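Undergrad: Residue numbers (the numbering used here), protein chains in the order written: chain A, 1 to 167; chain B, 1001 to 1132.
In short, the hints are calculated from the structure, not lab data.
Model, not experiment: these values are computed from the prediction.
Even for Gly, the Cβ is constructed at its ideal location relative to N, Cα and C.
Here are some of the chain A residues that sit facing chain B, going by a computed Cβ distance under 7 Å: (1) 17; (2) 24; (3) 27; (4) 34; (5) 35; (6) 38; (7) 42; (8) 45; (9) 49; (10) 136; (11) 138; (12) 155; (13) 156; (14) 157.
Some chain A residues close to chain B (C-beta under 8 Å, calculated; not the full set): (15) 20; (16) 31; (17) 41; (18) 139; (19) 152; (20) 153; (21) 154.
Ranges between beta-carbon positions, derived for each pair: (22) B:1116 to A:44: 23 to 29 Å; (23) B:1112 to A:50: 21 to 27 Å; (24) B:1008 to A:28: 22 to 28 Å; (25) B:1072 to A:126: 26 to 32 Å; (26) A:125 to B:1106: 34 to 40 Å.
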Amino acid sequence: MKKELSPLSHSIPSAFLFLLIGLFAVSSITLTLIGTRVYRRVTDTAAHNSDSQMVLSYLCNKVRTFDTENNVTLTKRDGLNVLSLYETLDGDPYETDIYAWQGAMWENFQSTGDPFAPENGERLVDLQSLTFTLVSPNLLEASVVMSSGENRTLRIALRAGAAEEAN
Amino acid sequence: MRSHQNNLLLIEMVIVILFFALSQAVVLQVFTKAQQINQDAQIADHALMRAEDTAETLAAQADTEAALFSLGFSLQDQQYILTDEDGYRLEAGIERLSQPAGILTTVEIRAYQKDHLLFSLPAVQYREATAP
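Turn these sequences into a full structure, and let the hints steer you where they fit.
TA: Laid out in structure tokens, this is it:
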């Protein structure tokens, strides 16, 4: 005797199967989206940290290199907040100016006394703003706002003595 | 016979889907851990920057306690403590060694995330004694 199966008894396992496959598809998509978000966040954070660390470490190294008496000066030139670092090479005075202009950090090396032209410098890295302030006579503070909007501050104690603030 | 085959297929599908679900759970855990590690690294990075700024400020200023207060530290149980909203805490302990020639001040800056020590940064400052 052959047992007859009703159409309903066929459709229940099929529906269950489709439900499982659907569930699997939804969870796979969710997992992929979560993975993408995590990956993007990790890489973005690494990139932002690397950029801001690079700028601050560059500034710190520059100031440390020029940290001798009266060789670190904050000036205002063409409305720009400029960190001027002075040195003497073969008896001639030179200066290295670091400033933010047109959405980037620039460095300009020139003879002391030459007229300041921001476009003559070398474009180093993109950022929104870079400001230097003297917290105390021998404590320099550099505030950087990166292109991503990340804000970082660095303090550098001047070992050789007080910095000058000229206008 | 056909019903038996259908059941076998269903069982096979369920096993496969369960296996993939298990893999997804493991991968999800890995993602969560990666995000946590990333967040911890960011906190440690910010704490290090703050500790370095503190050390530089201490190097530049003569009055250690006043410098710590100006940076936002508060005195609690003989320790100078700064709690940041980023999720780290800086503690500064001051030790002074007085000699006839001057005073050597060592400030040990320790950074914590919850109760886990992230790093310790000593800031040493020497001030010559003023001539009588």
